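As given, the protein sequences belong to chains A and B, one line each in that order.
Oh and the first sequence: position 234 is 234 in the UniProt record's numbering, straight run, nothing missing.
Oh and the second sequence: position 50 is 50 in the UniProt record's numbering, straight run, nothing missing.
These are computed hints drawn from the structure, not numbers from a lab.
As the structure is a prediction and not an experimental result, all values here were calculated from the model.
Even for Gly, the Cβ is constructed at its ideal location relative to N, Cα and C.
There could be a bad hint or two in this list.
[As the list claims (entries may be wrong)] Quick look at which bits of chain B chain A covers, simulated, 3 or more residues with Cβ under 8 Å:
1. 13-21
2. 24-37
3. 110-118
4. 134-144
5. 203-211
6. 220-228
7. 244-255
[As the list claims (entries may be wrong)] To spell it out: a stretch of chain B is covered by chain A in this simulated footprint if at least three of its residues, at any positions, have a beta carbon under 8 Å from a beta carbon of chain A; those stretches are:
8. 44-51
9. 82-95
10. 259-266
Here is what each chain is made of, one letter per residue.
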Amino acid sequence: MSVVTQTEPAATTENVAPAREWRPPSYWPFVIPALVVVLAVIIFPWVFTIWMSMQEWKVGSPTTFVGLANYLRLPTDPRFVEAVGHTLSYTALSVLLPLVFGTLAAVVFHQKFAARGFLRGIFIMPMMATPVAIALVWTMMFHPQLGVLNYLLSLVGLPPQLWVFNPTTVIPSLVLVETWQWTPLVMLIVLGGLAAIPTEPYESAQIDGANFWQVFRFITLPLIMPFLFIAGMIRMIDAVKSFDIIFAITQGGPGSASETINVYLYSVAFVYYDLGYGSAIAVVFFLLIVALAALLLYLRKRLLWTSQLGSDA
Amino acid sequence: MNPRYILGRIGLWLSVFVIVSPAILFFLWMASLSLKFEIDNASYPPVFFPEHIAWKNYADVFASNRFLTYFTNSLVVTGCATALAMLVGVPAGYGIARMAAHKSAIVILIARITPGLSYLIPLFLLFQWLGLLGTLVPQIIIHLVVTVPIVIWIMIGYFETTPLELEEAALIDGATRWQVFRHVALPIARPGLAVAFILAVIFSWNNFVFGIVLAGRETRTLPVAVYNMISFDQLSWGPLAAAALIVTAPVLLLTVMAQRQIVAGLTAGAVKGG
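Could you put together the complete structure from these sequences and hints?
Written as structure tokens, this is what we have:
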């Protein structure tokens, strides 16, 4: 009975003046299934992780509430502190190198030449390929005796390296893989930026007789800055979280020389099964990424300010 | 056709060559490793073109019956995770675009920033409690963490650019919202569907971190299977490289064939899973 009374007025208004009283329909039914999925696989894990980070919880034993004890343990855990250092140096290099090479590659791919689409497809293969498969081949290439990299070094007269088998060269070696893999993403983003640049500044520069470097430095670079910033931000987020390459090539070794936060988090949670502590690491890790993103945003504002001041003066 | 132009062209092609060669040389070397017998792979200086080609390496990989199991696992996990993501993600992208609910994109941003491992701890416990470990279900569900945000993100972008006039006209003519979505909005957004589908497939197929925690002996996907091969037969490079190439070959083919869609999708959302 109640169903009928509810639907009747709605039906009549629609019949009377459908065109006039047309209202934008509610789109909630479209969103609800996805909302359920997002709640289940993204929001629920988040809430549960925060709750769990305040428990002493090892698999198989009962849980006890310990408040912030897991968080207080972090600064006194030398392996965690070391992992933060590794993560920061790995990230800094893995942001800067792809930015430099990606920008250069984008300038080249912005030119017109035959088979550009196909070659661009080849160029982005490293970032689309399965990371573990890539890591496996890089492991073979890093091999000190049989690896092709030491052979290439010998061709140009450089001494052989231990690559990922030496604690001092392991992070730069892994960054080499990361750079090889992710330079294409920077290239694509910067290429999008180059496509959006108007041609007038270039025409007037050509009339003024500017050389290639001057054009790049004073016209291209300032105009693609916003895109470089986006690329740097994305690269930072991915480099901090980098796992597949590091884990498959070194498992954090030799010793713990390439153990980043993510690799350490894996060990704590799924090797030692210390889930409470692991959750605390996950929360701090997330906050660190947010903090780094905020720092980049702040730096960008500062840079904008100084460049504006510079042009005013 | 002055000399300066010709010099410029030569310089351009040299730069193109330098830029593309790390990718080309790497994959050629990968293919070379996979087609050599152990004697050639263990020789120094390295052999690039072997005298005898070891097709046997590929035959060995395919002959091991486990490999087919893992291949099927990968197909099932990626197939289900992508299909489910399209099923819920495409309407969601439509709804969010039409409601102009831009704040909801924050959830997707958070999902993008969160390390994949932090989803694993709670979901691992949940699956354990539900008794689902040992089946493919946990991996299908957790791959949604990767595929759903990609699909939603790309579809928001596409539906925001499709014209509203047609949809309004259809609504006024008495079509239901669902009919409008199904018969007006969806056909126009077909290129976007392709982009979302391709990227979801690739990032799900490539995913490693979820499998390494959730997969048992029988439920490994290909990346996890390849990783386990590294630890067990470190010495035979040929079959290892062959397995690695087989795992990544579908993705590489897709990349070269659909590079236009992939580039469009990546530059629009700059999304990456995991």
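Hints, one by one, checked against the model:
1. 13-21: Coverage by chain A holds for the segment 13-21 of chain B (5 residues, Cβ < 8 Å).
2. 24-37: Answer holds; 6 residues pass the 8 Å Cβ test.
3. 110-118: holds (count 9)
4. 134-144: holds (count 3)
5. 203-211: holds (count 4)
6. 220-228: holds (count 5)
7. 244-255: This one holds; 8 residues, not fewer than the three required, reach chain A with a Cβ under 8 Å.
8. 44-51: Coverage by chain A holds here, the residue count being 3 at a Cβ distance below 8 Å.
9. 82-95: holds (count 8)
10. 259-266: It holds, with 5 qualifying residues against the three required.
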